[in-house]
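Given only the sequences and the hints, what does the whole structure look like? Please build it.
Sequence order for the protein chains is R and F.
Just so you know, we're using UniProt numbering here: the first sequence kicks off at 1 and counts up by one.
Just so you know, we're using UniProt numbering here: the second sequence kicks off at 1 and counts up by one.
Heads up, some of the hints might be wrong.
If chains are identical, the list can't say which one is meant, so a pair holds when it fits in one copy or spans any two.
Said to hold, decoys possible - Below, computed lysine to any residue pairings styled on SDA-like, alpha-carbon distance capped at 25 Å:
| id | residue 1 | residue 2 |
| --- | --- | --- |
| 1 | Lys220 | Ile181 |
| 2 | Lys220 | Pro260 |
| 3 | Lys220 | Trp255 |
| 4 | Lys220 | Pro166 |
| 5 | Lys220 | Arg234 |
| 6 | Lys220 | Gly262 |
| 7 | Lys220 | Leu199 |
| 8 | Lys220 | Gly108 |
| 9 | Lys220 | Ala276 |
If you are wondering where the hints come from, they were derived from the structure by calculation, not from laboratory data.
There are 2 protein chains.
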Amino acid sequence: MVVFLGIDGGGTGCRAAVADSAGTILGLGAAGPANVNTDVTGTFANIMTATRQALSGHTIAETDLVAVLGLAGANISAAVDHLHQMLPFARTRIVTDAVTAARGALGGADGIVAAMGTGSVFAVQRAGVMRQFGGRGFVLGDQGSGAVLGRTLLAEALRADDGFAPMTPLLAEVLGEFGGIEGIITFGFRARPAEFAALAPRIVQSDDPAARRIFEDAVKEVRGIVETLQAGDRLPLVFLGGLGPSYSRHLGELWEIRAPLGSGLDGAVRLALEEA
Amino acid sequence: MVVFLGIDGGGTGCRAAVADSAGTILGLGAAGPANVNTDVTGTFANIMTATRQALSGHTIAETDLVAVLGLAGANISAAVDHLHQMLPFARTRIVTDAVTAARGALGGADGIVAAMGTGSVFAVQRAGVMRQFGGRGFVLGDQGSGAVLGRTLLAEALRADDGFAPMTPLLAEVLGEFGGIEGIITFGFRARPAEFAALAPRIVQSDDPAARRIFEDAVKEVRGIVETLQAGDRLPLVFLGGLGPSYSRHLGELWEIRAPLGSGLDGAVRLALEEA
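What follows is the structure, given as structure tokens:
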């Protein structure tokens, strides 16, 4: 009997689902982080823990599983190759967690997915073929993401303190909270993307002039990206991630916005079934 | 007898000069890095090595020195306070290396200094009073610096590869050199500012459309900063750092550009003499 395994793995945890060939879920599991580029060994261990949990109570061998894994960091092929060799499944396909999330969100339909969380990544599905765009990370990409918005706010606070940009109530508030420019500089050198992203809700919900300008610039950038990905079509658009609703509000008049059909785990199971 | 010590300390090395009250140099010394924020203990050791070298052949006690130290990382006061307590000099004043560089460049004259190297920092001197602006580091500031230019070029190459920006010969060349988007992403996560800055000469000297746009944006930003610092005056402008000549070429019609009078070490000695 062939059994199908879907894994949805991100920087904070991973989930596993085992399904029969009709797509009926036979078991679920969960474990710790699965960013393959950050930690191959830990990712392997967490995937196996979640998988064994999903298999518990069944007499299914790991070596009978057809698996699709959507993992954070899977755009770095050396790490993916390494993990691939460690896994015991009958067949294994490893894609980024963006691909499984987009597949879960769209099902089989054509559309564009914009995942706007701590990072950002985009995907387009046309006639069942998924292509990923963006998602290049905090330093060089992640346009419109929470981490980039937060970093921009702090940079703007420093600029305002120098007199290079107008001081606003929010910038003054942030300077106060962080202990002035020195506090912001120190934070900036050590903070991880998620810590920058913690500032994002205060930007997207604010009437402060600096916050509005920062978010309007980000909306313009995301709009440009979606326009490029539409390539003249009018595909429906699904927003994922914590900032999704904020972007939806600004871009809902341009394109049809749809709610996601399912999760990244649904997407992984769906892709595994298609491997048959 | 009071003797004066100037220290010019940066991320790659530090230099010391000892002078008498007439400003005559009695001895010089050099040692390793002196970024007080990165490594207080190493900075202390290197400052003392350079100082003892400058004192060799003289019977001058360290405890008789009136010292001004211009150090990288000296905008972080906790590190500065720590170092201050370790140093044996009669009097010690610690400023950023930007302040000593600007003082050396301008002497006593009014003017604006723009140090455009791996990082960037600005200073204005009016009636002997120096104020520093910018210099907030690679993550949140360093506008127009080599590291920021290099990072922007790599981000643009990723955008072009995604179809979000036009592909140009230089972007294609960079993509090839780094091993495609995956190579650029990997580099982006681990590279230090100096590694990003290594790309800058190819940007400021290039006729490539992407390089021109990136550098024109940077020139516009630096121009805006200098305009703010002029505050309606027409102070002369001194450029320092490897990218200084490139910015001079673009901004020389707006303001009088002057060559630096002296080095950061000259500035430190000058400031030490003023402590008397």
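Each hint tested on the structure:
1. Lys220 / Ile181: between (29 Å within a copy, 24 Å between copies)
2. Lys220 / Pro260: Within one copy only: 23 Å inside a chain, 42 Å across chains, cut-off 25 Å.
3. Lys220 / Trp255: within (14 Å within a copy, 35 Å between copies)
4. Lys220 / Pro166: both (21 Å within a copy, 18 Å between copies)
5. Lys220 / Arg234: For Lys220 and Arg234, the Cα distance is within 25 Å only inside one copy (18 Å; across copies 37 Å).
6. Lys220 / Gly262: Neither: 28 Å inside a chain and 46 Å across chains, both beyond 25 Å.
7. Lys220 / Leu199: within (20 Å within a copy, 28 Å between copies)
8. Lys220 / Gly108: Answer is neither; intra-copy 29 Å and inter-copy 47 Å both fail.
9. Lys220 / Ala276: neither (42 Å within a copy, 57 Å between copies)
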